[in-house]
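All chains should be built: construct the whole structure from the sequences, respecting the hints.
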Amino acid sequence: MKNYLKTHRVLALLLLVALIFSSCENESFVLQEENLTNNLQKELDQIEQAYPSITGEITTIKLYGEFVEVEKINDQYILGGDMVVVPDNISGRSSSTGRTLARWPNNTVYYTVEPSLPNKNRVTNAIAHWEANTSITFVPRTNQSAYITFRKGSGCSSNVGRTGSKQYITLANGCSTGNTIHEIGHAVGLWHEQSRKDRDDYITINFDNIQSGKEHNFRTYNSRGYDGDEYTNTLDFGSIMMYGANSFSKNKRPTITKKDGSLYSVQRSVLSSGDKQGIAQMYPSNSNKVITFKGNNDRYISSEDGKRTLTINRTRVGAFERFELIELENGKVAFKGNNGKYISSENGTKSMICNRENIGSWEQFTLISKGRNNYNIRGNNGKYISSNGGDDSKGVACDRSSARSFELFTISGL
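As numbered in mature numbering (1 follows the signal peptide of the UniProt record, and there is no 0), residues -26 to -1, 1 to 388 make up the sequence shown, in order.
Rather than coming from a laboratory, the hints here were simulated on the basis of the structure.
Errors might be hidden in some of the hints.
[Claimed, not checked] Once the Cα atoms are required to be at most 20 Å apart in a straight line, the calculated EDC-like pairs of lysine to aspartate or glutamate come out as:
id	residue 1	residue 2
1	Lys233	Asp175
2	Lys250	Asp210
3	Lys94	Asp62
4	Lys281	Glu301
5	Lys368	Asp272
6	Lys281	Asp366
7	Lys232	Asp210
8	Lys315	Glu331
9	Lys250	Glu301
10	Lys188	Asp49
11	Lys36	Glu189
[Stated by the list, open to error] Across the chosen pairs, the derived CB separations fall in these ranges:
id	residue 1	residue 2	range
12	Asn304	Ile32	21 to 29 Å
13	Gly363	Ser236	55 to 63 Å
14	Ser236	Thr123	35 to 43 Å
Don't be surprised by glycine CBs; every beta carbon is placed ideally from N, CA and C.
In structure tokens form, the structure reads like this:
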């Protein structure tokens, strides 16, 4: 009898312990679910959307010469959740390279703030952050035709790059200073970090977890037909332009993970070191060296003010014969003319010209020293720049597989 009672007591004790552990596990599961929900909501609160909680009509437009899917909401075309774009047929512009949009000349952005915008300090603080960490200056607009207006709206949104006329950064009451820094990033030409052409080397997009109608927000630039040139070597998880791991999730599961399946935190506080590095290439400071190029015909290269292809027929140096040397990553350089535009190799398919608004692949070169200020100049196509002996009918071209006398230049100012 005693053994029977003892056995039952042991069983009862084991049952009690099991119930306690089960209760703890359930409580732990509930806490995990609550933490997941709280973290998801916190992240969603940070991610910018032009029209939160609204899914627009998915339509195809032609943007910078390429057909892309966008959402149409209230007669606006939205790309990536918060980027307002204007189709080519409405803007009247011609096709271009797409992602490398027009930059703001002289690193100067003109702006106004509508009086009805609440909490104007977020604009003031965001601008101060940009000016403290980049070479871009923000100047209140007087009579300039191209400028940004900060205004109140239903969400956080911006055009991408300088449009050439009045453009908007829209801020709802809930858009923070960090969100404003993000939207200014779009306005000066930054796109979303997770849409880099090399993003699949770093992240996995879980399309099964993405809200219906939002899948197009996760396409890369080159899958949309854009050039996809990048200004940094690797994807920056800390970028203020990066989507969160749960952005546009339909089931609280991550839409973006690292390649090993792990998650990451999104931040909307400051420009990351990668953001600043990219901006430094897009908007170089004005403390660069000013150089001239002289060919073996003893003549100088002229930008011709960007109105026609480069020539190499000048006997003396004037404004058109001076170029600013822009040092880039990996030993690359770019050449900026007196007109504020960059020299393009035209990928070696035709004569070179100094008319590019920004630095893309064709605007990057490598200097190869041959001693005594003499250099060969190689384009990103692997070919050398040739003076063609000063023959204006051939112009200056980046199409030589080997470097000889026509491909040797004396560069002064280095």
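Pairwise hint evaluation, Asp366 against Lys281, where the allowed Cα distance is 20 Å at most: Cα-Cα ~15 Å, so holds.
Outcome for the supplied range 55 to 63 Å, where the beta carbon pair is Gly363 and Ser236: Given about 59 Å between the Cβ atoms, the range holds.
Pair hint outcome, Lys36 versus Glu189 [Cα-Cα no greater than 20 Å]: Distance ~18 Å between Lys36 and Glu189 Cα, so the pair holds.
Lys250 paired with Glu301 [C-alpha distance capped at 20 Å]: This hinted pair holds, its Cα atoms lying about 15 Å apart.
Hint consistency between Lys233 and Asp175 [alpha-carbon to alpha-carbon, up to 20 Å]: holds (8 Å)
Hinted pair Lys232 and Asp210, Cα distance within 20 Å: Holds, because 12 Å separates the two Cα atoms, which is no more than 20 Å.
CB-CB spacing for Thr123 and Ser236 relative to the 35 to 43 Å hint: Distance hint for Ser236, Thr123 holds at roughly 41 Å.
Straight-line alpha-carbon gap Lys368 to Asp272, limit 20 Å: holds (17 Å)
Satisfaction of hint between Asp62 and Lys94, Cα-Cα up to 20 Å: violated (33 Å)
Lys250 paired with Asp210 [C-alpha distance capped at 20 Å]: OK: Lys250 and Asp210 at ~11 Å, within 20 Å.
Straight-line alpha-carbon gap Lys315 to Glu331, limit 20 Å: Between Lys315 and Glu331 the Cα gap is close to 5 Å, so the pair holds against 20 Å.
Hint consistency between Lys281 and Glu301 [alpha-carbon to alpha-carbon, up to 20 Å]: violated (25 Å)
The structure fails to meet hints 3, 4 and 12 from the earlier list, while all remaining hints are met.
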